[in-house]
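In order, the protein sequence lines correspond to chains A and B.
Counted from 1, the first sequence has number 264 at position 264 by my numbering; the numbering is strictly sequential.
Counted from 1, the second sequence has number 540 at position 95 by my numbering; the numbering is strictly sequential.
One or more hints might be untrue.
[Unchecked claim] Using 20 Å as the maximum straight-line C-alpha spacing, the simulated SDA-like pairs for lysine to any residue come out as follows:
1) A/Lys317 / B/Asn484
2) A/Lys154 / B/Lys450
3) A/Lys281 / B/Glu490
4) B/Lys534 / A/Arg286
5) A/Lys154 / B/Glu490
6) B/Lys450 / B/Gln574
7) A/Lys320 / B/Gly496
[As the list claims (entries may be wrong)] Selected chain B positions facing chain A (Cβ under 10 Å, derived; list incomplete):
8) Glu490
9) Ile505
10) Glu507
11) Glu509
12) Lys512
13) Ser514
Just so you know, these hints were derived from the structure itself, not from any lab.
These numbers come from a predicted model, not from an experiment.
In this text, a Cβ means the ideal position worked out from N, Cα and C, and glycines have one as well.
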Amino acid sequence: MGHYIPHTEIERQQMLAAIGVTTIEDLFEAVPASHRFPKLNLPKPMSELEVSQEMQALADTNEHAQDFALFRGAGAYHHFIPSIVNHTLLRGEFLTAYTPYQPEVSQGTLQAVYEYQSMMCALTGMQAANASHYDGATSLAESVAVALQVTYGKRHKVLLSQGINPQYREVVRTYYQGRDMDITGDDKGYSLSELGAMVDNTTAMVAVSYPNFFGQVEDLSALAKVVHAAGALFVVVANPMALALFKSPGSMGADIVVGEAQSVGVPLGFGGPYVGYFGIKQEYVRKIAGRIVGETVDSDGRRAYVMTLRPREQDIKREKASSNICTNQGLMALAVAVYLSVMGKHGMRQVAELNYHKAHYAAEQINKLPGYTVQRDKVFFNEFVVKGPKSVKDINESLITEGIIGGYNLGQDYPTMADHMLLCVTEMNSREEIDTLVSVLGSVK
Amino acid sequence: MARLKYPSDLKYTKSDEWVRLEGDTATIGISDYAQDALNDLTYLELSVDVGAHVDVGDAIAEVESVKASSSIYTPIAGDVLAINSALKKSAETINADPYGEGWLVKLKVSDTSALDALMTADDYEKFCQSR
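This is chain A alone, in the form it adopts within the complex (with noise of 0.2 Å):
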């Protein structure tokens, strides 16, 4: 704060008067006299007290999650963030940082960001990062750009699995309308060796989720191979959570990992904002959009940070750049990094198995209720799909009385899975939480 000092009426005074005129008013003689100042009848202003008290009842609109036993995910997750992620993004010097165009000023940040960078390449199993993303559905529709580039536009299909997000999916299209492309897969179902199958050589990439949106995991080596023998890129959008527990994308032969880092460290927030992840092998790294930070020595010889490969980005490349995109979510990025170092190796292994045992915990209890049938033919991680005896509306109501936030409806996205509910499990459901819900559960006539 001691940086930002406004002008004084004097000072105002002198610098019109530098100019030769009197007002501020008369720099706006440009403007035809009957647009100049319109009149704008806006309320009159208000003290910050009841600012204060309007804003305050706009929020009470709303309910909290922490007032909730909450079982849904479904591509926004409830985790535990240690406080010490909030005090360092509420320090001025972080919560007020712009863009880093002068690295001699702004070596924090760009630090904070590499940081960031490299552990989201230690958790997906690729070799460069960007400083982030929009969201999550943002970063899947950069990864198409990269696809068509690396393919010299030559290819125009690209593969979505079924099992991808339904709002990224969309996100996908929307970007892309109006552009020559094929963006298909999705209509058929998500088995990976049936995304295999419509494979060829007209694909320039073909994308998968892990988990899936039901929650499941399954080893994506082999379609990686096809993928591959047939030229296109192979993308894995991924949940940085469970990647704490399964195998990396890139062990399994990812080219591109993507996805939302909403789930390691930043809070429900109503929807946003979130932080979209964007990690690629280093061979495709001069593709890619959005800001990177890159480390290297100044003048002395002394580590150092900068924005690196700038000439990539749509100022300078313009109509040949991959993308229109030339910024990043600093502050989500730097809440990311915060909280997977204060974490660590260990400590998020720990929270992904809490999840894994609870929601297998959970997923027991309820597959044994009468009229209850839980979907375990594969491998799931903190989600998992049930099939109840009444609609996915009349059971929820039934919870929400209790004060629990049941499950996703999949058949709102999913015409064949009406009736079937997506449940999430994370470290914040207390054994009791998970019991009173199978009691719930179990009463629902």
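Let chain A serve as the given structure and place chain B on it in line with the hints.
Chain B only, in chain A's frame:
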């Protein structure tokens, strides 16, 4: 500052490419003036593979410096015989030796009439001095 070179056995374009014709093989690169204007080159990417056919005006490469990215186009049609892949690891070779080791692609050409429209070394030097 060393004087810029304009070898007399080459033909030049207004967009600063040069062509050397030997029999039916055309070698293409960018001129000393171009490498000097672009400054230290950091990266080169060739956008054609051996065996591809290119027409006049097709992009054959993209060259990058710290703050700029430029496309390079072929002034003559032909089939790609060879590409200088070594430049991918050392783009600075173009700065050091733009007419020798800094060559970009070699084409097998059948119709050399496109070269008639290009500038001689003298015309190109005059053109560069007027910029």
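For each hint, the structure was consulted:
| no. | hint | result |
| --- | --- | --- |
| 1 | A/Lys317 / B/Asn484 | holds, 17 Å |
| 2 | A/Lys154 / B/Lys450 | violated, 39 Å |
| 3 | A/Lys281 / B/Glu490 | holds, 17 Å |
| 4 | B/Lys534 / A/Arg286 | holds, 13 Å |
| 5 | A/Lys154 / B/Glu490 | holds, 17 Å |
| 6 | B/Lys450 / B/Gln574 | holds, 12 Å |
| 7 | A/Lys320 / B/Gly496 | violated, 24 Å |
| 8 | Glu490 | holds, 7 Å |
| 9 | Ile505 | violated, 12 Å |
| 10 | Glu507 | holds, 7 Å |
| 11 | Glu509 | holds, 5 Å |
| 12 | Lys512 | holds, 7 Å |
| 13 | Ser514 | holds, 5 Å |
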